[in-house]
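Could you build the full structure based on these sequences and the hints that come with them?
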Amino acid sequence: MAIVHSPSRATESLGAVLVGVGVLLLALLTLYLVGFDQGAISRTGMFVHELMHDGRHLLGLPCH
71 MAIVHSPSRA TESLGAVLVG VGVLLLALLT LYLVGFDQGA ISRTGMFVHE LMHDGRHLLG
131 LPCH
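In terms of this note's numbering, the sequence shown opens at residue 71 and continues consecutively.
Everything labelled a hint here was simulated from the structure, so no lab data went into it.
All values reported here derive from a predicted model rather than from experimental measurement.
Glycine included, every Cβ here is placed at the ideal spot set by N, Cα and C.
Take every hint as true, because none was put in to throw you off.
Listed next, with one range per pair, are the computed distances between beta-carbon atoms: (1) Leu-121 / Ala-72: 48 to 56 Å; (2) Leu-84 / Cys-133: 36 to 44 Å; (3) Pro-132 / Ile-111: 12 to 20 Å; (4) Val-74 / Pro-132: 54 to 62 Å; (5) Gly-105 / Val-74: 48 to 56 Å; (6) Glu-82 / Glu-120: 37 to 45 Å; (7) His-127 / Leu-84: 37 to 45 Å.
Set out below in structure tokens:
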């Protein structure tokens, strides 16, 4: 006799919510770094700004 365990729908939906929240936070962090950071994150000057510079132009965000 085998015992089969299937996860409940509540566990599946909680997992989906957590993944969704994680993706949203990562997207907001990326948007901040590409669009709005002017050297506040980087302690070595404008490293992050220069790294994301072409992304700003690609998205049409002002940076100059």
